[in-house]
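Build out the structure end to end from the sequences listed, making use of the hints.
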Amino acid sequence: MDYYPSRKCHSDLTAGGPPICLRICGPEEIKCHKGWEKKQFGHCWTCCLKQDDDDGDDDGDDDDDYILLK
1 MDYYPSRKCH
11 SDLTAGGPPI
21 CLRICGPEEI
31 KCHKGWEKKQ
41 FGHCWTCCLK
51 QDDDDGDDDG
61 DDDDDYILLK
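Using the UniProt record's numbering, read the sequence shown as starting at 1 and increasing by one per residue.
It should be emphasised that the hints constitute simulated quantities derived from the structure, not laboratory data. It is possible that part of the hints are untrue.
[Claimed, not checked] With a cut-off of at most 25 Å between alpha-carbon atoms, the simulated DMTMM-like pairs for lysine to aspartate or glutamate come out as follows:
(1) Lys-39 - Glu-29
(2) Lys-50 - Glu-37
(3) Lys-39 - Glu-28
(4) Lys-50 - Glu-29
(5) Lys-38 - Glu-28
(6) Lys-50 - Glu-28
Structural data, given as structure tokens:
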């Protein structure tokens, strides 16, 4: 019996939308887990979910283009 049916569920939660970020404020650069990337908002550092089409370069995205989790 599969107790985790969500493994077979596809979600478009982050497809084409703004990245999702943790609502934390680190005073300096922080290390993020695999699948996450560090992002600075003003004086705060946090981790945001990487997007599949991320090519690794920072093009200076506006802070309003991110969703912060509570």
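Verification of the hints:
1. Lys-39 - Glu-29: Holds, because 8 Å separates the two Cα atoms, which is no more than 25 Å.
2. Lys-50 - Glu-37: Roughly 6 Å separates the two Cα atoms, so the pair holds.
3. Lys-39 - Glu-28: Between Lys-39 and Glu-28 the Cα gap is close to 11 Å, so the pair holds against 25 Å.
4. Lys-50 - Glu-29: holds (17 Å)
5. Lys-38 - Glu-28: holds (10 Å)
6. Lys-50 - Glu-28: holds (20 Å)
Of the hints listed earlier, there is not a single one the structure fails to meet.
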